[in-house]
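Engineer: Residues per chain are reported as follows:
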Amino acid sequence: MADLLNLQGWLLVLLQTVLFVLMAPLLTGWLRLLKAWLQNRSAPSLSQPYRNLLKLMKKEVLVAQTTTPLFRIAPYVVFATTVLTAAIIPLLTVHLPTAAIADVIVLVGFLALGRFFLALASMDAGTAFGGMGSSREMTIASLAEPAMLMAIFTITMTAQSTNISQAIDFLLGQGLVLRPSFMFALLALMLVAVAETGRVPVDNPTTHLELTMVHEAMILEYSGRHLALMEWAAQLKLMVYGVLISNIFFPWGLALDNTPHNLLLSFISLIGKLMVLSVVLALAETVLAKMRLFRVPNYLNLAFLFALLGMLSHVILEAGA
Amino acid sequence: MTIQWIACAVLLSLLSGGVGLGASYYRALLRWACFPLLGLSGLATVIAGFLALLGDPVSTQLPLGLPWLSWSIYVDALAGFFLILIGVVVFAVAVFGPGYTREFQHGRHSLAALCVPTGLFVAGMQLVVIANDAFMFMIAWELMSLSSYFLVAYQHEQAANRRAAFLYLLMAHIGGIAILLSYGVLAAFSDGFSFELLRAAELPTLWASIAFALAFFGFGMKAGLVPLHAWLPEAHPVAPSHISALMSGVMLKVAVYGFIRVVFDLIGQMQVDWGVIVLLTGSASALLGVLYAMQQTDIKRLLAYSSIENIGVIFMALGFAMIFLAAGYPKLGTLGLIAALYHALNHALFKGLLFLSAGAIIQQTHQQSLEHMGGLLKRLPYTGTFFLIGCLSIATLPPFNGFASEWLILQTALQGVVLENGLLRIVIPVTAAVLALTTALAAMLFVRLYGISFLGQPRTRQARQAHLPSFGMRSAQGMLAALCILLGILPAVAIKIMGAIPQTLRGLPAPEITGQGWLWLTPASAASASYSAPLVLLGLALVWWLSYFLLHGRKHQQVQRVPAWDCGFGPLSARMQYTATAFAMPIRRIFKPVWLIDEKIERSGDEQGFHTSGLRHQLQVSDRSWKWLYLPIGRWVLRSARLVSRLQSGNVRTYLSYSFFTLLFLLWLIS
Amino acid sequence: MNFAQLGLQEQGVILLAALILLSSFAMLAQSRILACIHAFAWQGVLVAAATAMIALVANQPHLYLSAILTFSLKALLIPWVLHRIVIKLEIAHEVETVVNPALVILAAAALVAFSYYIAMPVEKLSTLATRNTIAISLAVVLIGMLIMVTRRQAITQVVGFMSIENGLFYTAVVATHGMPMVVELGVAFDLLVATVIFGVFFFQIRASIDSLDVDRLSRLVETSEIDEMTVEEE
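Protein chains in written order, with my numbering: chain A, 1149 to 1469; chain B, 155 to 825; chain C, 29 to 262.
Any given hint could turn out to be false.
To be verified - Calculated lysine to aspartate or glutamate pairs in the DMTMM-like style (CA-CA distance at most 25 Å, straight line):
id, chain 1, residue 1, chain 2, residue 2
1, A, 1183, A, 1317
2, A, 1203, A, 1317
3, B, 485, B, 210
4, A, 1207, B, 720
5, B, 746, B, 452
6, B, 485, B, 419
7, C, 152, B, 427
8, B, 754, B, 525
9, C, 152, B, 574
Note that these hints are calculated values from the structure, not bench results.
Predicted model, so just to flag it, every value in this text is computed and none were measured.
Chain A extracted, bound-state conformation (with noise of 0.2 Å):
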């Protein structure tokens, strides 16, 4: 608990929360591009998203009369609560003050309480459409959970830690070792991340037929800086499930301490993970459809079945007779 009075891991620590909310709408705009280029589209500019976000915080602001103040109020917390899981993940090193305070169950934590508060704000509005994404949402949510809280579980069983930062520490002290456990617990925590942040095969971030949204439906009813802030959320989600998953598998390119030159090379490597996690998902985005609702629970299964596998190998094949 010492290093939590240094001054130099908060000011990373302000540095890499920054960095994590001004780069989510770039990567946005990195995936639209290549799905644009996989679909042999003409892409808009990587700049996009930071054009709607601006629009939007200008625009008027339209607030149901069915609604309460819950529903202005969520926004701000679900901006808050991802804020503070990018707060948490090292994005360009390893050793952060706040990896104390909020360990990884914690961060799960933080994903739930903003969910809560955008199920509820959407079945605020008294619509049916609200009801309907909120249903959804937390459906699929609850079924998500325990997949991926059984990949942390083998990932923490290894790395004796919960605490991201050790658990990145031991893992990067190791050096190359091809466990099996993390090779299931890598599948499942894709699957689960491209649940959790509504991509194709779950959920269409582009559609406009109601009847098929899951996570659009819940913001349907904002508008204005309520509604960017909720856009905002979203690619933040994204982009945190990104360097999560690039940085516990492939933690090389992080930087041990704080000098310029780690830092700088550590940044490059993040940007060339990002790049290849990128082009996976907007492969898989392209190439499979989009799955009706009640297949989403064979999804999920095959999700906690990869994580199963993996705390299995662990124990049975990793962790001696």
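Got chain A; can you put chains B and C on it based on the hints?
Structural biologist: Using the frame of chain A, we list chains B and C on its own:
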């Protein structure tokens, strides 16, 4: 000191019951005498509990009981903790009571039938926790069960309520017999019935297992573990809401206390198999409890099934503790025990809050079904806010208290890697995943509960015209909500105060969870896992304030209120919203084998299906344990009773021959 | 951690064991016959690769031969024969309803835990570098049997049977570094013959009851008149 405060508390609650005898004649006695006395009793209990928790154990003998077996009292840290739990909820209920029972004052039920059993009920629970011999324990247990039966049967005109009360009484007594037998097994190997003698008894392994099984069955039935839970969802909705809060928040925890006292303290040995059985039963209760709660539309039945879920979680933590203790890891056993106790306290607080709020809603809208509520946040803003805090706490979201205890339980499960038994190292992560599924489903459940009842548009006229409840009702809820927040932000302080509990139980080591100070929870070591709730709250507040400050609209940008988006088809009616049944439909479809579902859809219209003039949907979701366990047992009991009743042939000569053969047998024995 | 201290090749052996288990689960979960056969082919490839890797790590050159034999037989020849039978019988597009997939997968996971429990004493006694994988190989055998129990189409039952043999071969490789070559050749030849005979049988079954659903084979009839009546029904 402690003894005086405890005696004061028990006498006050008995007095509150006694005064209630006159409440039928002098209505004002209820408001000005019964409930205030009960509140004072609650305060005295809390003070006594703190004194016991922070000081040394005290014991004394009472001049009551049998001549050769007088009652003895023993108040140690564990008893003190549960006394605090009882006292807080009793105090809140006492503040809530006068406003809530106003409508009973002009009803046809006798007020004495409400007052007297309430006082006896609270006294019974207090006496159970401080009992130091099996005799006093059973007397107090019976007092608790019987008085709550009268409370459950308070509104006895409806046959359904009478049936629910009868089922409750029946199962309370079956459980009581099991507990008595368990004490009997323990006493067979010792010299007497007092807990000191029972503690000193040396039991062979087989008999220890039998004692454990009986205690688990008896206390589990009272706590509401699946499959012994059938009475809970029947009895809790039927009782008046403040009594439901007492039953769900406190009585179930007294059963947990009894289990801990017998298994961790009196039996004196611990086996891994017991821990595994407790863990698996707890997991099944947790998952099935939340799944059943998901399908309920009656708000109190939903909360009752949710209590089953949380009791399951508490027993899961106790199961982890037992496994670690039996495997030779006392520090981790302590961790599990503290996590279980902390969750018990948190559950008492937020379930009490939720039931009291439900009582306020029911009083104002006269509706118990979720499908008839809606938009209540505008009519009942205080109740709505406090209910939201309760929902956030029970859905285990940071930074509230439910999250802190769930975090501790998951950290306990993570320590399972130290065990050598490979099979246990597989089972423990799987049960942790079941816990994660349960908490995620609980979050969905409370989104459904809060969203359907408080948000959206009102679905009935009564919901549209609800009024603010009385000040007492609101302040009781506010008090419990504040405690939920406080225990969520300062878990380390609470756990540090609880630190004496494991040491009084067979010398378990003190917990090292708060080794880094009041800010941090560090269950295993500072490097491997830590959580700081105050700093998390600070972070949340900081980011929220920053984003609000930077992004909040300027003065000239007003927020306009317009009708909700209706696809251009015209105004939305309240019937177009999602109903509670609709919200839970995906879960109903995915987990279909769990319930007994009877769904009928009738379409009226022309034959080919082109024009439909009406659609009727009927859905009944019922508990499988009835069909598989309770009804077969009931049938078997009736069949054996019929067989036995053949003994009563009514013929005088048959009865004379019974006496004749008995006489011959006795003569043969003597010779 | 012990695992991190193993060389990269030993880690590869263990990684392949996990992938073999994954292929077993893949066979179990597939509802289409062709996908099942493809998963079986992949299992053959993985078992061959694992055998070759163990040959490298434990310095047992005769395992290279076994690997080549397994690859050509289990990954190429037998899947090709089964594939041809499926195309000829024209059942490539039939989807069979597996008994509640979620429950079957959970049962398979329980079987893995059970085989770990059974194999624990063996693993303690063994001194080979691959001893951790004995539980996995036993699990592959048990899951193969589970496939046979939970499937209705005769072809997928044969695939399950072949998967059992895969598991037994793999068990032999990891537990005792292979069987005597003669035994291995004999077993391989038996399998090949069995596949051909299965092929012939399937055509016969299909001709008599017009489907390959084994549940329909359960109607044991006593008299030939009733036999003709049931054949007419179908």
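Engineer: Next step is simple, just say for each hint if it's right about the structure.
Structural biologist: Verification of the hints:
1. Between the alpha carbons of residue 1183 of chain A and residue 1317 of chain A the distance comes to roughly 35 Å, so the proposed pair goes past 25 Å and is violated.
2. For the proposed pair residue 1203 of chain A and residue 1317 of chain A, the alpha carbon gap of about 42 Å is over 25 Å, so the pair is violated.
3. For a cut-off of 25 Å, the pair hint linking residue 485 of chain B to residue 210 of chain B stands: about 22 Å separates their Cα positions.
4. The suggested pairing of residue 1207 of chain A with residue 720 of chain B holds, with an alpha-carbon distance near 21 Å, which does not exceed 25 Å.
5. Between the alpha carbons of residue 746 of chain B and residue 452 of chain B the distance comes to roughly 20 Å, so the proposed pair stays at or under 25 Å and holds.
6. For the hint pairing residue 485 of chain B with residue 419 of chain B, the CA-to-CA distance comes to about 16 Å; that is within 25 Å, so the pair holds.
7. With a C-alpha separation of about 23 Å, the suggested pairing of residue 152 of chain C with residue 427 of chain B holds against the 25 Å cut-off.
8. Pair hint residue 754 of chain B plus residue 525 of chain B holds up; C-alpha atoms about 19 Å apart against a cutoff of 25 Å.
9. Taken as a hint, the residue 152 of chain C and residue 574 of chain B pair is honoured in the structure, with Cα atoms around 13 Å apart against an allowance of 25 Å.
The earlier numbered hints that this structure contradicts are 1, 2.
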